[in-house]
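Protein chains: 4
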Amino acid sequence: MTEALRITMIGGGSSYIPDIAEMIISRKDELPVKEWVLMDIDEERLQAAGGFAAQMIAEAGLNTDVILTTDLNKAVAKSDFVVTCFRVGGSAARVMDESIPFKHGLIGQETNGPGGMVMAMRQIPAILEIAHAIEKFASPDCWLINLANPAGILTEAVYRHSQIKAAGLCNGPTVLREAVLKVHQVSDEDVFIKTVGLNHLHWSKVYVHGKDVTDETAPLLNEWIRRNIPALDFMPEEIEALSPGWLVSAAHYARFYYLTPECTQQLRNKGEVNWPKALHMLIQKFPNVFNEKDREGVTTRADMVRLLEKKTMRLYKENNYDGFQIMRLTRGGHGYGEAGLRLIDGIANNRNNIQVVDVPNRGSISTLDRDVITEVPCLVNRTGVYALPMDELAPHAISFVKSVKAYEMLTIEAAMTGSYRTALEALMTNPLVPSFMQAKGALDELLLVNEAYLPQFLPVIEKLRNGMDPLKA
Amino acid sequence: MTEALRITMIGGGSSYIPDIAEMIISRKDELPVKEWVLMDIDEERLQAAGGFAAQMIAEAGLNTDVILTTDLNKAVAKSDFVVTCFRVGGSAARVMDESIPFKHGLIGQETNGPGGMVMAMRQIPAILEIAHAIEKFASPDCWLINLANPAGILTEAVYRHSQIKAAGLCNGPTVLREAVLKVHQVSDEDVFIKTVGLNHLHWSKVYVHGKDVTDETAPLLNEWIRRNIPALDFMPEEIEALSPGWLVSAAHYARFYYLTPECTQQLRNKGEVNWPKALHMLIQKFPNVFNEKDREGVTTRADMVRLLEKKTMRLYKENNYDGFQIMRLTRGGHGYGEAGLRLIDGIANNRNNIQVVDVPNRGSISTLDRDVITEVPCLVNRTGVYALPMDELAPHAISFVKSVKAYEMLTIEAAMTGSYRTALEALMTNPLVPSFMQAKGALDELLLVNEAYLPQFLPVIEKLRNGMDPLKA
Amino acid sequence: MTEALRITMIGGGSSYIPDIAEMIISRKDELPVKEWVLMDIDEERLQAAGGFAAQMIAEAGLNTDVILTTDLNKAVAKSDFVVTCFRVGGSAARVMDESIPFKHGLIGQETNGPGGMVMAMRQIPAILEIAHAIEKFASPDCWLINLANPAGILTEAVYRHSQIKAAGLCNGPTVLREAVLKVHQVSDEDVFIKTVGLNHLHWSKVYVHGKDVTDETAPLLNEWIRRNIPALDFMPEEIEALSPGWLVSAAHYARFYYLTPECTQQLRNKGEVNWPKALHMLIQKFPNVFNEKDREGVTTRADMVRLLEKKTMRLYKENNYDGFQIMRLTRGGHGYGEAGLRLIDGIANNRNNIQVVDVPNRGSISTLDRDVITEVPCLVNRTGVYALPMDELAPHAISFVKSVKAYEMLTIEAAMTGSYRTALEALMTNPLVPSFMQAKGALDELLLVNEAYLPQFLPVIEKLRNGMDPLKA
Amino acid sequence: MTEALRITMIGGGSSYIPDIAEMIISRKDELPVKEWVLMDIDEERLQAAGGFAAQMIAEAGLNTDVILTTDLNKAVAKSDFVVTCFRVGGSAARVMDESIPFKHGLIGQETNGPGGMVMAMRQIPAILEIAHAIEKFASPDCWLINLANPAGILTEAVYRHSQIKAAGLCNGPTVLREAVLKVHQVSDEDVFIKTVGLNHLHWSKVYVHGKDVTDETAPLLNEWIRRNIPALDFMPEEIEALSPGWLVSAAHYARFYYLTPECTQQLRNKGEVNWPKALHMLIQKFPNVFNEKDREGVTTRADMVRLLEKKTMRLYKENNYDGFQIMRLTRGGHGYGEAGLRLIDGIANNRNNIQVVDVPNRGSISTLDRDVITEVPCLVNRTGVYALPMDELAPHAISFVKSVKAYEMLTIEAAMTGSYRTALEALMTNPLVPSFMQAKGALDELLLVNEAYLPQFLPVIEKLRNGMDPLKA
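Chains as they are written, first to last, in the working numbering: chain A, 1 to 473; chain B, 1001 to 1473; chain C, 2001 to 2473; chain D, 3001 to 3473.
Check before you lean on any hint, since a few could be wrong.
Said to hold, decoys possible - Some chain C residues flagged as far from chain A (calculated, every beta-carbon gap over 10 Å):
| # | residue |
| --- | --- |
| 1 | R2160 |
| 2 | H2161 |
| 3 | G2210 |
| 4 | K2211 |
| 5 | D2212 |
| 6 | R2227 |
| 7 | N2269 |
| 8 | E2318 |
| 9 | R2328 |
| 10 | I2354 |
| 11 | S2364 |
| 12 | R2370 |
| 13 | L2379 |
| 14 | N2381 |
| 15 | L2388 |
| 16 | P2389 |
As the list claims (entries may be wrong) - Derived lysine-lysine pairs resembling DSBU-like cross-links, with alpha carbons at most 30 Å apart:
| # | chain 1 | residue 1 | chain 2 | residue 2 |
| --- | --- | --- | --- | --- |
| 17 | D | K3034 | D | K3463 |
| 18 | B | K1293 | A | K103 |
| 19 | A | K472 | B | K1182 |
| 20 | C | K2472 | A | K211 |
| 21 | B | K1293 | B | K1310 |
| 22 | C | K2285 | C | K2103 |
| 23 | D | K3136 | D | K3074 |
| 24 | B | K1211 | D | K3103 |
| 25 | D | K3103 | C | K2103 |
| 26 | C | K2211 | A | K34 |
| 27 | B | K1211 | D | K3463 |
| 28 | C | K2103 | C | K2472 |
| 29 | A | K211 | C | K2034 |
| 30 | C | K2211 | A | K136 |
| 31 | B | K1182 | A | K182 |
| 32 | C | K2103 | A | K211 |
As the list claims (entries may be wrong) - Label-pair distances were calculated between CB atoms; the ranges are:
| # | chain 1 | residue 1 | chain 2 | residue 2 | range |
| --- | --- | --- | --- | --- | --- |
| 33 | C | K2285 | D | P3244 | 38 to 48 Å |
| 34 | D | P3244 | B | D1322 | 32 to 42 Å |
| 35 | C | H2161 | A | E3 | 26 to 36 Å |
| 36 | D | V3186 | B | N1063 | 20 to 30 Å |
| 37 | B | T1367 | D | P3244 | 29 to 39 Å |
| 38 | D | P3261 | C | G2245 | 31 to 41 Å |
| 39 | D | S3366 | A | E462 | 26 to 36 Å |
Simulated from the structure, these hints should not be mistaken for lab results.
Glycine included, every Cβ here is placed at the ideal spot set by N, Cα and C.
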């Protein structure tokens, strides 16, 4: 077993932190944590969420120091693992990412399309600041484990612009794995899942005891998605017929690429979640926390997220476990903590097990470059994370993957250079964006409202404000 | 100089044939043609257009045998060059290609989008029949020079499924070259044009005496397009700002990829050409041929094409040169004959000159596979056609090119196998098709109306007719 | 656990068979074998070695049917695993492979250089006959596990010319693994070894508990080689300085590439093993089997091998375990049985463990093609064998690997076509062959003496016999 | 026609300079040179050779300023073309390059093997100094045209370590082209030659009027080599049978790779040229310049070269055209001046003709990387030099080419870093070097005698001098 670890969370004031505390507690014997450092720039949230997490750790009798700090360099110093889960601009910026594209006929979503691109451009400088702090201050073997979105692009940016070891994670593969374990009533080592693609755009084959059970598994997974994202009218069975042998494993994202105009219409009309219904459930379950008056201010998903944040943070402050329950029930983030801790365990304990991780491709997907980040099954041990060679996707799927990867690369370049033209090229490369005029309209408006978070684009924003076209010299 | 040649035209009843006759006449000294074979399955058109062409040749005093035949094998026997310009299904099928996609929200165009895909699936078996006849009966050094559309896909199909030498041609590069010669008042050997991409999707740099004059040339070319395709509201200057250093050289096609919804809207409303205006001009110019009554049946482009075909064929039959003038003025095919004869001259006369041709890439575009067909500048001599290594396109452009090339490959596979799933995958890979539902709707309807020309799809069409989904086993 | 298996050995009369019997016995609980089929074309050896192996199985109380047969199709019928260990031409052909090249100034060795090439050309038709029998008669999930030499080339031939699942194995990686376990006193799951290259040409990095212990391990491994191949004057330390971070893991083969003229001189003078000393040891240890008179006929390695074969086969016939001991002590084949059974166990029991296997590269060595066979660490489970992405070798090492892989491909092509020119091209590509004249001299003589085993070269051999140069038409 | 040019020669004191003067004179109408700058670090030779060349130019009535200078920056300032023909260390260093390798069993030759590697390491820093001067001071469109040896490696170094436009040239392709023109009695535009490979390692196909005449041409070319390099016993016909369809176009170098031990033996015994015979011819032809006493000091090629240098320089000083005649007759450099001026003409006059040049591969040889330097036919015009896509070489030939290219890359890296290990890796990668021990022996001795020219290796040389092994830390 490994020696006790120092693990740092960036975004230590996130409402997901108690979830991770629970994971640490449940693995306390096999993965002892000596120091758990929670870092956040928002001191109030840090004290609320972090304080509650520390309380959980203490109550569980762990011998772990929980350290709260707002200083990045101190937080990462001597760390063995730095886990990132932050969102520059918070939920206010998310509202813009999700709403402005609709005005221009495009999909409004936080990780895909123009909203996702602008979010990436806010996040990339932040994660590179963290990566450079790790280069200077962390343990030389330190791994950055990125949970922040868009997870694939951020991991790609870290590999392009720093020298550290990094891996990105999404809860999607964890959700799939847990569903398979449950449905087929088997244990972890009996299951082998080939998940192939990019973050939020992948297809999978599922094996139990070495036998292919993909076709039996697909309907169960689709059922899960329908139950969890009820507002969507989505028939993955038809789409899956295009990729025989595979299931569409991140179907709630994949549908954007298969049904762009239909999804744009649906999301614009209803949003991703049925909020009134969700709020009704909360009022029933937690009458001390929610009541009918809470309905008043809630019309959009963003309103709902803000309400939930306010309530859970208050409960965290009071060390009330209801906050934790509410977060779990409502935020869809389940699986992130599990994925993060499982990866740390795989590396630190030299497990030689298989996990689906965002790392350099290295031949896993034969038609992509060797050094780009893909989301694929990897062998994980203390010497590294090794992408396994995977089966060929259906031709249309590999074409989607290549276009999206080209978009990701251009997004990173735009984020690093502040080039307006590169940002527009990124959007033109994105399969969700069919029109230069729509792309330009959405980009211009998003840049203007993100001025505070995109210093690299200030000269461009200045031109836009003055009615000039930044494409002209 | 080369010995006298045998040149065969497949589609010898095409209304463009007199145009090619004129090219042969104008090159009679440097490129003597011993036998000019015109082959067509439509005997009436063959006699009309071919008979008129023979008359032109005779009047010019050439010592060329003009041979009319409906027998493919005899037509290609011992030929040095076989030139293809045919359209399976004729203008009736074209009407369907151009109209059905609109019903499903997609662009309706004869070479791009779902219409172009179905046209390709009609044409591929035909061109492969020709290629196999060449393998068996033609001169061992025979070249197939393909002018039929979609030119890039057909040339690709010939390379994938036969062993002959082949090259595809489009009038686009000829139009650009002639515009440059005229505007800059220089001769052919002073101009070097880097045209890079695929058929109907390319960008160019223009050099005169080795000096880059791209920026001065772009507005002149755009002006030409605006004059010739007046119904379109299209601003290439803005799009060109995305590719600094390049002009968008097939802009009337490229716009589909940059402005998919806008172009769909425009084409649905107006078609590509202002027909009433064009007809008015014809009535003024050729009062013996056209009159006001002709306006009655003409509402769509297809109607106009049918009217023109009827009138020119009748004039050809009467050996009336007006037919030739009318064809030149109206059919937009100018440049095809010039391109075809120039390539024959380059090969037969060992010219070592540079021509833009559809041939295997062989490293010309570094990011595409070596063996796929691209439209790029080539060194042409008697030993072959050699693609020159070209500059990198802008990143978004190369992403377009890769997606379209993937679409082309799937289209060929679908045409060869009759696989419904592959045809749908082709459409999902095409950047002009944003929705699986739209793709399926358009494909199903197009297959049903093309039953006579798509024997490879008969089992699929049978299922569709019975209301079954061909995606299900 | 897996259901009971049917395992077939081709070369069931090999003197190594009792070694494999012991492996089956030691794994009887975790890897129950229902039927063990031993097939050989030499009935006498089959009865001797196979009969003794059956006796071992019976004495150990296993419920395994041991089936002896000379019929290939029956042997592979319904098998789950077919293991190949045969040598076309036997030890007589080996004598030629090892001696003729020396006459022409080249290295004489059974797996490398001209001797190895001719051996490969004898073996390839045989292994393909087996592969095609598997295609027809074996279980659809059957794996061919090849232990026959040259192991990499034969596995490559199977992948190029059949559709079955196949993996090649060498005892080298097993020897290295066992040395590491012993020296560092750790268990299997604590060790991770990156072995990178081709069969008989690879470099390794060794990790214990995730820590790099390559530098400490190298001298221990070199010591092992010196003890086991005493006649060679070889200093791997100097050579290893060319590849910092790596040890030369098949050093007794690698030295050929680093020290071609020196090794040629050494092998010609002394052979690989000090035979008088080895025989002396056997007389001491097994006085009932060997005596001083046996020395008389033994001057070369080939003589010694023949003496050992005769003695062990006689002892096997008598069910005398001394034969087994003598084989183990003298034949250097230790590790093959262990490697073969470990791979069967990994697949059948869905182990998800790491083994060094000859399988398609799939990106493991970034500078080699995806589909060529390499010898690298693989994840092994019931769904397949997955090559892991490996570190870059030193530049000179990758150059060796590429040349040798080119040689292997040409050897396979020559074996399939009987082309004399291709065989000469193979030799010119082999880094051990510095001269066209030497290559031609050795090849011509080897072809003449191998007439019985190289029917594909009969027309060439006919020309050689008549003093004609097969390079001339 | 182009405006008048400024052309700079680096190595302006070379005995080849009058040859180039004659080329300038013969092209005076189509390629007017305004300023011809001769730069050399050896003032005496510069005045002798340069002064004579200026006299030639003046006598021919050209309006060209001939400028002699020892200042590099001034020499390249505002130049349109910089032509390099220099040898760091002069003929004294060449003696070492050619003799030391033999002592260690390796080939001793100025451009191939260990001697060529050390020469490259002396030359690379010099040519990069020139390239950087061009970056700073020359015309922005300036081309570096490198005639210095080893021409391919130096051009590769310029592309790896500077931003300028560069092309390397060898006289080999010129000799081949002139032989073809003469033998087939055709003019330049009727001939197309596919020369494919690297500098001093290539194969060719020859076409006249588009017809393949390779087989008829090969014997004529081989005859030329035999006449000009009489001491060599070399039978290219046999070797050419390994590459059907190709001739071995730099056979006097290619033979090293096909017949390494044989060539080593021949060169060690006799050198490349029969010097006594050559000297006898000179005494007959130029009795005022040479006499029997000159024989005394001449035993090796190096002695002969030094004698010729002394005599021609004296004659140049006296403006005696005999010096020019003697140089032409004896030095084998014919074709360099022609190749250099032809390339300048092709670029400056926008010729769009085909020339064989060392430039980036860009897909010309499909199995090599896109950015490495190859020697292949190129389209030459004012916008650049474009490598044409070429046919596949025979498999053994491409294996040679890849190994030699790997060697070239490592040589450049060693020259830039002064890494002893990289230099040894380069030699181990070179197909002419079969032994680590031989490589080390030759390298150590060559480094010691080249101390004055290899400052980057000073720490290594210091260790060697102290009897330490530089491979050990």
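Hint check:
With a least beta-carbon separation of about 18 Å from chain A, R2160/C lies farther than 10 Å from that chain, consistent with its non-interface assignment. Distance to chain A confirms H2161/C as a non-interface residue, since its nearest Cβ pair spans about 21 Å, more than 10 Å. Against the 10 Å criterion, G2210/C falls within the reach of chain A, whose nearest CB is about 3 Å from its own CB. Residue placement check: K2211/C does not keep its beta carbon more than 10 Å from all beta carbons of chain A (closest about 8 Å).
At roughly 8 Å from the closest C-beta of chain A, the C-beta of D2212/C falls inside 10 Å, breaking its exclusion from the interface. In this structure R2227/C is separated from chain A by more than 10 Å, as the shortest Cβ-Cβ distance comes to about 30 Å. The claim that N2269/C lies off the interface holds: its Cβ sits roughly 43 Å from the closest Cβ of chain A, which is beyond the 10 Å cut-off. Every CB of chain A is more than 10 Å from the CB of E2318/C (nearest about 43 Å), matching its label as outside the interface.
The non-interface label for R2328/C is consistent with chain A: the shortest C-beta to C-beta separation is roughly 31 Å, beyond 10 Å. Once the 10 Å rule is applied to beta carbons, I2354/C is inconsistent with being away from chain A; the minimum gap is 7 Å. A beta-carbon of chain A is positioned within 10 Å of the beta-carbon of S2364/C; the least distance is around 7 Å. At the 10 Å boundary, the C-beta of R2370/C falls inside the reach of chain A, the nearest C-beta of that chain being 6 Å off.
A cut-off of 10 Å between C-beta atoms contradicts the statement that L2379/C is not in contact with chain A; the least separation is 6 Å. With a minimum CB-CB distance of about 6 Å to chain A, N2381/C fails to clear the 10 Å threshold, and the non-interface call is violated. Its beta-carbon lying about 5 Å from the closest one in chain A, L2388/C breaks the requirement of being farther than 10 Å from that chain. Listed as outside the interface, P2389/C is inconsistent with that label: its C-beta sits roughly 4 Å from the nearest C-beta of chain A, within the 10 Å cut-off.
For the given pair, K3034/D sits about 51 Å from K3463/D by alpha-carbon distance, which is inconsistent with the 30 Å threshold. Only pairs whose Cα atoms come within 30 Å are accepted, and K1293/B paired with K103/A is rejected, the gap being roughly 47 Å. A distance of roughly 29 Å separates the Cα atoms of K472/A and K1182/B; the hinted pair therefore holds under the 30 Å criterion. Between K2472/C and K211/A the CA atoms are separated by roughly 56 Å; this puts the pair beyond 30 Å, and the hint is violated.
As the CA atoms of K1293/B and K1310/B are separated by approximately 15 Å, the hinted pair is consistent with the 30 Å bound. Of the pairs offered as hints, the one joining K2285/C and K2103/C is violated, with about 37 Å between alpha carbons and a cut-off of 30 Å exceeded. Distance check on the hinted pair: K3136/D and K3074/D sit about 11 Å apart at the alpha-carbon level, within 30 Å; holds. Restraint check for K1211/B and K3103/D: not satisfied, since their Cα atoms lie roughly 55 Å apart, outside the 30 Å limit.
As the CA atoms of K3103/D and K2103/C are separated by approximately 25 Å, the hinted pair is consistent with the 30 Å bound. Simply put, K2211/C and K34/A have alpha-carbon atoms about 21 Å apart, close enough for the 30 Å limit, and the pair holds. In summary, the hint linking K1211/B to K3463/D is not supported, as the alpha carbons are separated by about 55 Å, beyond the 30 Å threshold. For the hint pairing K2103/C with K2472/C, the CA-to-CA distance comes to about 25 Å; that is within 30 Å, so the pair holds.
Of the pairs offered as hints, the one joining K211/A and K2034/C holds, with about 21 Å between alpha carbons and a cut-off of 30 Å not exceeded. At most 30 Å may separate the alpha-carbon atoms for a hinted pair to count; K2211/C and K136/A meet this at roughly 22 Å. At roughly 74 Å between alpha-carbon atoms, K1182/B and K182/A are farther apart than 30 Å, so this suggested pair is violated. Our distance criterion of 30 Å between C-alpha atoms is broken by K2103/C and K211/A, whose separation comes to about 55 Å.
Checked against the given bound of 38 to 48 Å, the beta carbons of K2285/C and P3244/D, roughly 58 Å apart, lie outside it. Range check, P3244/D to D1322/B: Cβ separation about 58 Å, and the 32 to 42 Å hint is violated. For H2161/C and E3/A, the Cβ-Cβ distance of about 52 Å falls outside the hinted range of 26 to 36 Å, so the restraint is violated. The hinted window of 20 to 30 Å between V3186/D and N1063/B holds, with their beta carbons roughly 28 Å apart.
Remark: the range hint 29 to 39 Å for T1367/B to P3244/D is upheld by a beta-carbon distance near 33 Å. P3261/D and G2245/C have their C-beta atoms about 34 Å apart, which keeps the hinted 31 to 41 Å range intact. Between S3366/D and E462/A the Cβ separation comes to about 49 Å, which falls outside the hinted range of 26 to 36 Å.
When each numbered hint is compared with the structure, violations occur for hints 3, 4, 5, 10, 11, 12, 13, 14, 15, 16, 17, 18, 20, 22, 24, 27, 31, 32, 33, 34, 35, 39.
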